[in-house]
Amino acid sequence: MSGIRTNAAAVMLGVSPNTLRSWERRFGYPSPARTSGGHRQYDLADIEALKQAFEETQNVSSAISIARQRGAGPPSSNRLGLALARFEEDKAARLLEESLAIRSLERTIGEVLLPAVAELHADDPGSPEHSFAWRFASDWLSALRRVAAPATREEGVLISDATAPGDVAALQVQALELLLRRAGLRTLTLTAATEPARLGRALRALVPAALVLGGTRASLDAIGRLVYAVRSAREGIDVLAFAGALPDTGASTVLRLGDEPLAARDALLDRLGARPAVAPPQAMPPAAHDAEIRVARRHTAALPF
Amino acid sequence: MAIDFTGRAALRLVPSTAEEACPSQWFCGHCGAPPPNNETPAPPARVCGECGLGLLLEARGDVAPKPEDPFLIVDGSLHVCAMSASSESLLAVAETDVINRPVTELLTPADAEASGPGSLAGAIMHAAGGEDEVRRLMVRPANVFGVRMPLRVGACGPPRAALIVLED
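Protein chains in written order, with our numbering: chain H, 85 to 389; chain W, 3 to 170.
So that you can see chain H by itself, here it is in the shape it has in the complex (with noise of 0.2 Å):
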């Protein structure tokens, strides 16, 4: 977790650490996170934030007070991280709720809650801290998500998730999801764990104009299967690799998403853009369709990239 530690702090205020630990157990602020040595560290914007507040007022009381009524600016990945690191669930939904105010909701997705989360993740995969702030990170975008506007256009998206909980990419691949039923695109997320030949209805029912792969966790032969499976089914779709599905060897015609979800999602639209409209689904009989799966379940080591 990014921060400061009590010596940097205190140089940037003009103190001594004695001093700083003493405004600590007085007036409870600042306040800082605990490495998980024990070490104290300091969210970088409330150091700031004194330092400012030490300009416009003549005593430390009152520096904290205005301190901590304006608050250390905008949120920031580092300041929800520092928040998710102590368990504090209020206080990260608010700042997420303060980041919705002055950003778009993708740029919230994008610049403060993936980026906190991806933190903690590097720090140590397996902490409580980044649970915590996963499951978190998940909650949040399941709950925007339930209260998306309906699809506005007749395009769908199928999205295979090969993650687990845990995952950055889980989180990069629920965003994905988000953003495009924000963008108006009706979409279905299924586990790479689903079996590539039980996908008729699904398909049936989505009639995806595009393939997206999210995650890492798929072996390139269960992907293979589950390309083929869903061209079989549907002529033309597009297939395309998100957040690292697949290995860029550069020999795949396989449009690469990057892990940005904004961005992946434009690069998507774009291409959805640049397509003849998606027909209408045929009907056709659930036995000939599944016969049609069964067909593709003999071809499983092909890979069609």
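Among these hints, one or two may not hold up.
Here are some, though not all, of the chain W residues that point toward chain H, as calculated from beta-carbon distances under 8 Å [to be verified]:
#	residue
1	44
2	59
3	163
Simulated from the structure, these hints should not be mistaken for laboratory data. Backbone N, C-alpha and C define an ideal beta-carbon position, used for all residues, glycine too.
Starting from the known structure of chain H, fit chain W onto it as the hints suggest.
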């Protein structure tokens, strides 16, 4: 100019009419202690190294408090910005309770009918406005009768405010 015995004009040194510069003094807004060696503090080091609870402020030497003097810092809107530890004892209030409260909740002019620069409010507003003159007044604690306290009011900062030092 004078004329000497030779009849030629001569220049003569006359006493200066300019106001004597009064040296300024830095002090802690909580404990009143001066910075080490009375040196001007560096910009990032405004917190008092003695108590850690006040910021170092500058005022004229003849108005600046001595350590342990009771004093208050009041802004131009007559709200208390800071209070020394000894004035907390003297006025029986806690600093955190009076910050941003009107100073009239703590001090009342002994001469209630005084107006202009002679009034407490006028003196504070003049000092907070940057006027260099030191004013002396008589006040009493609010809601306490029979106690009169002399005080001096001068400018201090940064940021600019009025320094009220309660005198014995």
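Taking the hints in turn, this is what the structure says about them:
Hint status for residue 44 of chain W: holds, given a least beta-carbon distance of 7 Å to chain H, under 8 Å. For residue 59 of chain W, the shortest C-beta to C-beta distance to chain H is roughly 6 Å, which falls under 8 Å, so the interface hint holds. A distance limit of 8 Å between C-beta atoms decides the matter here; for residue 163 of chain W the minimum to chain H is near 6 Å, and the interface restraint holds.
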